[in-house]
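Q: Please build the complete structure, drawing on both the sequences and the hints.
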Amino acid sequence: MNSFKMLFDSEIWQEIFGSIKKNKIRTIITVIGVLWGIFIYVVLSGAAKGLDNGFERQFSNVAINSLFVWAESTSIPYEGFKIGRFPRLKLDDVEILKKRIPEIKYIVPRNARGTFSGGSPANIVRGDNSGNYAIYGDYPDFIKIATKEIYEGGRFINESDIKNNRKVCVIGERTLTELFDLEENPIGQYVRIDNVYFKVIGVSVFRQGSPFDSDSDVFIPFSTYQNLYNTGNKVDWFNIAAYENADVVEVEKKIKSTLKRIHRVHPNDKRAFGSFNLGEIFNKIFGFAKGMTFLSMVVGIATILAGVIGIGNILLISVKERTKELGVRRALGATPNEIRSQILLESVFLTISSGIIGIILASFVLALINYNTLDLNDFPYTNPTVPIKFISLALFLMVALGTIIGLIPAQRAVSIKPIDALREE
Amino acid sequence: MLELKSLHKSYKMGSNYLHVLKGINFKVNEGELVAIMGSSGSGKSTLLNILGMLDSADKGSYFLDKIEIKNLDETKAAKYRNEFLGFVFQSFNLINYKNAVENVALPLYYRGISRKKRQTEALNFLQKVGLSNWSTHLPSELSGGQKQRVAIARALVSNPKVLLADEPTGALDSKTSNEVMSIIQKINNEGKTILVVTHEEEIAKMCKRVVKLKDGLIIEDKYIKQKLL
Ligand SMILES: Nc1ncnc2c1ncn2[C@@H]1O[C@H](COP(=O)(O)OP(=O)(O)OP(=O)(O)O)[C@@H](O)[C@H]1O
Ligand SMILES: [Mg+2]
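First to last, the sequence lines map onto chains A and B.
Residue numbers in the first sequence follow this note's numbering, run continuously in steps of one, and reach 425 at the last position.
Residue numbers in the second sequence follow this note's numbering, run continuously in steps of one, and reach 229 at the last position.
Errors might be hidden in some of the hints.
Non-contacting residues of chain B with respect to chain A, defined by C-beta distances greater than 10 Å in every case (computed) [claimed, not checked]:
1. 20
2. 82
3. 93
4. 137
5. 143
6. 161
7. 182
8. 218
Below are the SDA-like pairs computed for lysine to any residue, each with C-alpha atoms no more than 20 Å apart in a straight line [to be verified]:
9. A:21 x B:140
10. A:21 x B:98
11. B:76 x A:420
12. A:22 x B:141
13. A:22 x B:76
14. A:417 x B:14
15. A:417 x B:74
16. A:417 x A:340
17. A:167 x A:187
18. B:76 x A:411
19. B:128 x B:99
20. A:105 x A:281
For the record, the hints were derived by calculation from the structure and aren't laboratory data.
Here the structure is a predicted model, which is why all the values come from computation and not from measurement.
Idealized CB from N, CA, C, for every residue including glycine.
A: See the structure below:
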């Protein structure tokens, strides 16, 4: 009779339960060991996954492979220019950068006032209401890098707005509530931006918890901005998205060296162009989340291992206690293989059942955590599901470990001759 | 039914050997009821264990029902024990978390017989030893005599060629000893070959043939008039 057939024989289960019942306390202790292991493993990896999802959600409105580049002042004299010159980014740079660096997917020039880039914010008036808000001159492609959502009924700036220097604007949520009455539809209405009338074409959705969003920004076409503030060809900074498979750090270097060549800056000048490489930071954060996942896996697996070794131990003890009984069984015709299978099945059964209880408890805890963090938007934690892959891995691991560990007592059970086993008291 | 020719067995005790069986020649025919006697340490159990394939001899040959028993690996020995032999021990050796009928059914389980069939067969044999009403009782709920009767039923359930009993009454008082021996006589009369190790004259008298061991040799082998119970 093979062990597979034994699986379906109720005698073997009676056997397993008999032995479990005889060692109640020890069984409970070891079952708790494995249960705890799998519990830790599932909760930790679920939590890590939750963090991962959370980060992903927080950065979901920015292209992951993107960076900002702006100009500062030179730190090395070059080609007759003195130190401390302010090179200016220009619209013409766009075509050159695109041509020289094929890894660039989108490059969007932006101008702004009332933000970190300086300048006074725009004064916006509507009827009796007014306020000062940061204002941006933008191209339509901007929303491809930083996915801006626009509320139903509105839209973002388009090519035609740029071409015709239209006086249209997209306003933020706070701007809307500060300038308009409740339940008033702002689309198609006019506001005065620095004394020029603009038609509101959209309201942008504010994404809470994202570090790159504000609820009061006002966006107007780049060309209109040029006219309004007389900025000419000047660009405050570029938003650049590289293709997904490109190395952002490398792309950043290429962009800077190209800009240095265009603007006649010493190749070693570190200060002339500033940049902020989101891609690099993303990689670090996701690396952190991945590290968490990995760590939780290591901790969980180590705990499972400890639990399974505990089960091996209890079986070893129970095999010793049952030496006589196993001797009797062999006198009655049990082959060494049958005895081995019995002990192995016991080990696997104990491991799996405690593992399943652990998984159920852990899922319960994860559901509880999820429920309690549901409305915490600032906390980067979303949907802490454990991938089925992890669970299957855990289950597989337990069966494998249960079998390997069970082999030791199983081998011990048959290593003793039946005659010696029977003599045992 | 079984035959031993110049069988030797010694145990290693540290650096020297303890020669326990020093050339046993012994033949048992079908349907015999043999008592094996001798003082403590004379090698009775050793002999029975070799006959039971629980232990192996160093020298000599052993035939069981014309099959030579030698060079057995554990798996084959287990099969032979299951098919050819039934064991009854002094300390009963029932499995304490299995009830009477489950204990009796165990050899059939290792033979791969279906659950239903095992159950009916086991109940049959329990009835044979007069314990039909105790089938669902655990060993702890049975008296010594009852336990030994369950053990006998278990030894018989697989219809072995030979029943080997090592001091089957050693743990019982004389009244229950007689109960057990009367069952043994009954199944012997039905044709089963039985070997009983005992050091009690009273028990030996209930057999048909008495073999005496001393210092590893058979010093006496005679047929007696059986005291029927
Ligand atoms: N596994 C063993 N290792 C070493 N010596 C053994 C072993 N088994 C038995 N002996 C020795 O062999 C001798 C015969 O033992 P055996 O058990 O056959 O005696 P016995 O006739 O059954 O005695 P008793 O009436 O006390 O049961 C004894 O001296 C015993 O100590
Ligand atoms: Mg003995």
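Q: Are any of the numbered hints broken by this structure? If so, which, sorted upward?
A: Failing hints, ascending: 2, 3, 13.
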